[in-house]
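Chains A and B, in that order, are what the protein sequence lines are.
The opening position of the first sequence corresponds to residue 0 in numbering that gives the first Met the number 0, with each subsequent residue numbered one higher.
The opening position of the second sequence corresponds to residue 0 in numbering that gives the first Met the number 0, with each subsequent residue numbered one higher.
No lab work stands behind these hints: they were computed from the structure.
Predicted, not measured: the structure shown is a model, and the values here were computed from it.
Any given hint could turn out to be false.
No copy labels: a pair is met if it fits in one copy or bridges any two.
To be verified - No farther apart than 27 Å at their CA atoms in a straight line, the calculated lysine-lysine pairs in the DSS-like style are these: (1) K579 / K594; (2) K499 / K579; (3) K499 / K516; (4) K594 / K516; (5) K326 / K499; (6) K190 / K642; (7) K326 / K516; (8) K594 / K499; (9) K565 / K594; (10) K517 / K594; (11) K326 / K565; (12) K579 / K326; (13) K565 / K642.
Protein chains: 2
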Amino acid sequence: MSDRVTAVLTEVLDGRWAHIRQAVRERLGAEFVTVPGETGDQARERVSRLIRELPTDVGVASAFPSRYGGSDDPGGSTVAAEMLGQVDLSLMVKAGVQWGLFGGAVVALGTARHHDAYLRDILTADLMGCFAMTETGHGSDVQQLRTTCTFQDGHFVLNTPHEAARKDYIGNAARDGRMAVVFAQLITGGKSYGVHAWLVPIRDRDGNPMPGVTIGDAGAKAGLLGVDNGRLSFDHVVVPRDMLLDRYGQVAPDGTYTSSIENDTRRFFTMLGTLVRGRVTVGAAASAATRSALTIAVRYGETRRQFTSPGADREIALNDYLAHQRKLLPALARSYAYVFAQEELAATMAELFALAEPDEHRQRELESRAAGLKAAQTWHATRTIQMCREACGGAGYLAENRIAGLKADTDVFTTFEGDNTVLLQLVAKGLLTGYRDAFGSLDGWGRATFVAEQVTEMVLERTAARSLIQRLVSAVPGRDEEVAVTDRGWHLAAFEDREKHILEGAIRRLRNGAATKKDRPFDIFNEVQDHVLAAATAHIDRITLEAFVAGIERADDPQARELLSKVCDLYALTTIEADKAWFLEHGRLTPVRSKAITAVINDLLRELRPHMRTLVDAFAVPDEWLNAAILREEPARQETMAKEDEAVRATLLS
Amino acid sequence: MSDRVTAVLTEVLDGRWAHIRQAVRERLGAEFVTVPGETGDQARERVSRLIRELPTDVGVASAFPSRYGGSDDPGGSTVAAEMLGQVDLSLMVKAGVQWGLFGGAVVALGTARHHDAYLRDILTADLMGCFAMTETGHGSDVQQLRTTCTFQDGHFVLNTPHEAARKDYIGNAARDGRMAVVFAQLITGGKSYGVHAWLVPIRDRDGNPMPGVTIGDAGAKAGLLGVDNGRLSFDHVVVPRDMLLDRYGQVAPDGTYTSSIENDTRRFFTMLGTLVRGRVTVGAAASAATRSALTIAVRYGETRRQFTSPGADREIALNDYLAHQRKLLPALARSYAYVFAQEELAATMAELFALAEPDEHRQRELESRAAGLKAAQTWHATRTIQMCREACGGAGYLAENRIAGLKADTDVFTTFEGDNTVLLQLVAKGLLTGYRDAFGSLDGWGRATFVAEQVTEMVLERTAARSLIQRLVSAVPGRDEEVAVTDRGWHLAAFEDREKHILEGAIRRLRNGAATKKDRPFDIFNEVQDHVLAAATAHIDRITLEAFVAGIERADDPQARELLSKVCDLYALTTIEADKAWFLEHGRLTPVRSKAITAVINDLLRELRPHMRTLVDAFAVPDEWLNAAILREEPARQETMAKEDEAVRATLLS
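Extracted from the complex, chain A is given alone in its bound form:
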């Protein structure tokens, strides 16, 4: 493949925020890149220093309002954070805590007086802060937080009632944070109004904890050594009334509570909804790190040779083995798919953010997709980076080759910003209600029976390039057996059909359960939990495919387009292959056609083999960022191997 094809692919992948991607690539040099093998203290010190040196104009704080130094561009800020995921994930998370979670909460939940007082210092990192939501006893079930903030005598009193209510895993808490946005149950006049947020000083100028605030250190972790996660407890800490971030709920000096949103639960989820950017960012960063790992593993597999074939005069490159292709290429195809799905998600977020009047329906849909793509991309990262580690053999285990760090750092992404299983359940709930009734407690059971009774028929909403997809699907002949398994319309139809059928089956089972298990409400939902999660996965697979299909259109070079189309074939067919049993069980595939899919996948692997290097080069991760010894040794390895093949053979055969 020519450099031109690589360039076209990069352009397509970089998408509408190419300028931000390019700026980060150009401006963040080696001094920002992860240092393998640091101690925890060294990593914290370095990242703490770098967060202040990070050029904020490359987009990391672009979600801030322009009057405070941002550019009202939340999509751009997720892209900038995503790019940081290739530089140093500790730095990315630290930036995410500071500008995304902490700053983002002040922007979204606070009002003008908070913005005026704090946003400039937050943007310059002169005021470092925490996002203190998660408690030891309550992670993903945020609505059930136990910390209380009670209004009395003209001020609030913030309190941690017991150990399980301490704020846990809080970034910036153990070392750097001076303030925290603390989430707690708001109580006034003896009545609770649900979870709200306050801006609370936790350290004085000298770095000592404020009176009544206890700060702990979460200690060593699997990864993200540069992030100072800690624990916060509050012993009847007095918080001035105006420190309540009161965009969605206000407390008057006399203690009267007011809100434009009457229902506590609905208000709570509206508040949470404004924080969707966190999930959008985490999924993106996980995928970015995955692309780094794939780049290292694919390039290593090009030059690393092992075992001689009879009749061949040299050892075989790892990438020539079918088993190696079977590991790397489907993961690579899925990584391509997520680039397109993620871009569409960020674009939708940007669009909704810019609306004068909020669109509640689309906002719920956005939250659902953000949750689903966060789960899908972070699991993809965990599996793929692990696979890349193994594909590099012992070299993959050494810190100097970077993959070990990528794995350790991204590992927590599957459970933070919402546990992936809980997030998939959220997606499923959105599907079950057909987005018509998206409010309700996150617990997932509350409305299941109600929903099951209401929903009569599912209509899937297409996401990307609706007319193109409709045209492709319509072009598929009636009988599957006559359609080539590489037919794009057939892929789209198969993904849609699977999603719809699984979902309808889940609804049917919920309805039956509701009729027969009235006295066991938990069991109604629990007994179909696996089925419901499968529906969510099928949904995410489908919107990802649609985004990929739409994305191919953006390549204006025929060779690049053909290559992308083959990669899309591989994504579609390996996704079907992984769930083959479902297609067979439900008469969607005959045994013959099912076997043919595996054969066609192996053909695709052979066809894509010569383009593996092009496909990772198109990710355009600077070598400086990859920072892997096995890549620096690439030219030497090629040379030595060639020379020594000759020399040693001469010795051995002499």
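With chain A fixed as given, assemble chain B onto it according to the hints.
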């Protein structure tokens, strides 16, 4: 379940080396257990000290001949090492390097003069050593090592011809090793005789490298921080003639080479075969670590509650969710299965070791199973520990809860002591040749066409409890549709049938390839590589099931037996479920029966739910070894949660 049932299960799981397991549990206290969050230097210092304090009479060196302080019990030594895997994996690997690889090589490849001179000091760890086999450029393809050791002027000259031939990832090299068993191509009289091993001093008494020896440090790694992996290069180092470990090949003072095994390749694989204990140990230790992780995750899931069910007065325990059971229980069942398979493997090894006359056929079979079970167990460890990490949420990411360390430390097991994919290929090769022609280069292609032409029909050899298994299989009625999916005979027959059919298909395809692709020898094998690997996996699944079925018989308590039987059902059915598509494609399952399997699995999960705690308690991992903060906080958590449910509800609802 009563304590009696737990005790019976422990007895069955502990098996014939229960005395060693018990001794290690009793004698290795908290001072030997992993310290989370150490720096690399601290970990190396601690482990280096502990390896000398480890009581060698608990079995870690029991493979040594009794006249040198061992007890001629290689099975017991793998069990002792396995137990160390629950104490501290760095200590386990360091012990494995010292007594297993280094000491084991001296025992197996050396002769009396080496034994007399070194074994006592090796056993007491006064002489620390390395096993210097792997080279940067050649990992699993050991036969192609590039280091040379040339006989001239009455001595050997050991040389590293270029950077890719340096010894890499070598345990004990970076800090503690004073000698190394170095593998290199033996050249004498201008002719090479293949890979042999020498005992080579690498450091003097003061710890300085010997002349001509360059020692490097592999630096920071993903895990195993306490193991000092390093790199060794040799610049024309003079090695006295008698330092050749010459059990299988001797060089006379005049340079004449002699060996009882004529063929170089055959001699090389015989030498390698004596080192099979390494693979047996690694698989066992990976499984032991997995049991620790499962114990932590299951116990956490018992007391950790999240989300409230409508109508319930408290939040739901994680283990009550179907999705959580779906994660933990199949992995737990597979862990049970591997305990039995591993015990049978160790027992076979012990039996063959004790034979006066070596049984070549059974030795090859042992090597194949050791390879297969090493691959299966280490991949199971990687997947399961990762899953346990996620099942504990954010807590699973903190070093204080141990799982992160178990993951990081066991990660390399999938690629060391042979890359898992290469090992599965070795298993497949054994199957293809029907064990009749087990010698040949490890490359896997050389004899494929030959083999494919020879093999006409496969006869599977049953491993454990042959008559019991024959009886169960024979009792299955002819038509599958009439047999309950929980019928043990049907499970056994289904596993056998799958293995046989996949293998026969692979042979057929190889044969066709041999006929049509004569000019592309690499492609003949490569195009069926995925098929061949599937055969190996099916084989390992089958021998694991057979071992499990035989193991159930050892429980003499009816309740324990019934519980074990259900766990075996779950292992068998989830294994079939994972490969459902194959069974459907090949007409082994109808769609109706295939769906029924999933339903029966969900029923089994519900039935096993109350026994989850019993099943992990039976692993009998001391709490001191688990060393997880979330378990130490268990009683407090239960108490707080109960109290606060009441208190906070009172506040919120007041």
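Each hint tested on the structure:
1. K579 / K594: Intra 10 Å, inter 13 Å, cutoff 27 Å: intra and inter.
2. K499 / K579: both (16 Å within a copy, 22 Å between copies)
3. K499 / K516: Classified as within: same-chain Cα gap 25 Å, cross-chain 45 Å, threshold 27 Å.
4. K594 / K516: Only across copies: K594 and K516 sit 22 Å apart there, 41 Å inside one copy, limit 27 Å.
5. K326 / K499: between (30 Å within a copy, 25 Å between copies)
6. K190 / K642: between (80 Å within a copy, 21 Å between copies)
7. K326 / K516: Result: close only across copies, 25 Å inter versus 45 Å intra.
8. K594 / K499: both (24 Å within a copy, 18 Å between copies)
9. K565 / K594: within (19 Å within a copy, 33 Å between copies)
10. K517 / K594: Between copies, since 26 Å is at most 27 Å while 44 Å is not.
11. K326 / K565: within (17 Å within a copy, 34 Å between copies)
12. K579 / K326: Classified as both: same-chain Cα gap 18 Å, cross-chain 21 Å, threshold 27 Å.
13. K565 / K642: Classified as neither: same-chain Cα gap 36 Å, cross-chain 59 Å, threshold 27 Å.
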